[in-house]
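From first to last, the protein sequence lines are chains A and B.
Everything in the first sequence is counted per this note's numbering, starting at 10 for the first residue and increasing by one.
Everything in the second sequence is counted per this note's numbering, starting at 132 for the first residue and increasing by one.
Be a bit skeptical, because a hint or two may be false.
To be verified - DMTMM-like mimics (lysine to aspartate or glutamate), calculated; alpha carbons at most 25 Å apart, straight line:
{"id": "1", "chain 1": "A", "residue 1": "K51", "chain 2": "B", "residue 2": "E232"}
{"id": "2", "chain 1": "A", "residue 1": "K112", "chain 2": "B", "residue 2": "E237"}
{"id": "3", "chain 1": "A", "residue 1": "K112", "chain 2": "B", "residue 2": "D149"}
{"id": "4", "chain 1": "A", "residue 1": "K77", "chain 2": "B", "residue 2": "D155"}
{"id": "5", "chain 1": "A", "residue 1": "K112", "chain 2": "B", "residue 2": "E183"}
{"id": "6", "chain 1": "A", "residue 1": "K112", "chain 2": "B", "residue 2": "E202"}
{"id": "7", "chain 1": "A", "residue 1": "K51", "chain 2": "B", "residue 2": "E175"}
{"id": "8", "chain 1": "B", "residue 1": "K145", "chain 2": "B", "residue 2": "E175"}
{"id": "9", "chain 1": "B", "residue 1": "K188", "chain 2": "A", "residue 2": "E12"}
{"id": "10", "chain 1": "A", "residue 1": "K112", "chain 2": "B", "residue 2": "E175"}
{"id": "11", "chain 1": "A", "residue 1": "K112", "chain 2": "B", "residue 2": "D187"}
{"id": "12", "chain 1": "A", "residue 1": "K77", "chain 2": "B", "residue 2": "E216"}
{"id": "13", "chain 1": "A", "residue 1": "K77", "chain 2": "B", "residue 2": "E199"}
{"id": "14", "chain 1": "B", "residue 1": "K188", "chain 2": "A", "residue 2": "D36"}
Derived by calculation from the structure, the hints in this document are not laboratory data.
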Amino acid sequence: KQEVTQIPAALSVPEGENLVLNCSFTDSAIYNLQWFRQDPGKGLTSLLLIQSSQREQTSGRLNASLDKSSGRSTLYIAASQPGDSATYLCAVKHSGYALNFGKGTSLLVTP
Amino acid sequence: GAGVSQSPRYKVAKRGQDVALRCDPISGHVSLFWYQQALGQGPEFLTYFQNEAQLDKSGLPSDRFFAERPEGSVSTLKIQRTQQEDSAVYLCASSYPLAGELFFGEGSRLTVL
């Protein structure tokens, strides 16, 4: 089974900082990679979807990059805000139907 | 509807009871997934439907778990003779097409006493 690892497991930063969340996967033969946000007691909200042919995707203050050869993706959050506090999950799709998820990075942005 | 809808949001069951969890995907979404999320973990795949066909049920943990999507829209996940280890959040997601962006519901939190 594909292993997806997210580092760090938890992160606390002051408001305004730029930050990077990391995701690594063991099998580079992926179809796509998706970043999600999960607020406590809620479902997952899709943030960015990167197809295997793409190197990065941007949405507002978020930028996600993909390096298949090294089995890595990063989620960059610019000018962090308290409202960004949540758990961020990385998920990888290979052949087959399932998305394989990491355990997530719990982010706290303090005012 | 505007998003994926799941019900009930919370379910408490006594060990041994049967439960049924409902998912109403985004209209027109062909693909429907069920995931199980334990506390502090990422979601784990349970099963996948393409329209009414269940194409992958490899993630169902035991034969007590059963899922259906008879008309290719609403899906039900049924758990028979619930056990304490079944306590988790059950998430439903839909997409169109299969490799497209995945949209999740808010989940059904099951607690088995």
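Consistency of the hints with the structure:
| no. | hint | result |
| --- | --- | --- |
| 1 | A:K51 with B:E232 | 18 Å, holds |
| 2 | A:K112 with B:E237 | 18 Å, holds |
| 3 | A:K112 with B:D149 | 29 Å, violated |
| 4 | A:K77 with B:D155 | 34 Å, violated |
| 5 | A:K112 with B:E183 | 30 Å, violated |
| 6 | A:K112 with B:E202 | 34 Å, violated |
| 7 | A:K51 with B:E175 | 16 Å, holds |
| 8 | B:K145 with B:E175 | 24 Å, holds |
| 9 | B:K188 with A:E12 | 20 Å, holds |
| 10 | A:K112 with B:E175 | 10 Å, holds |
| 11 | A:K112 with B:D187 | 23 Å, holds |
| 12 | A:K77 with B:E216 | 36 Å, violated |
| 13 | A:K77 with B:E199 | 35 Å, violated |
| 14 | B:K188 with A:D36 | 22 Å, holds |
Figure legend: structure checked against the earlier numbered hints; hints not met, in rising order: 3, 4, 5, 6, 12, 13.
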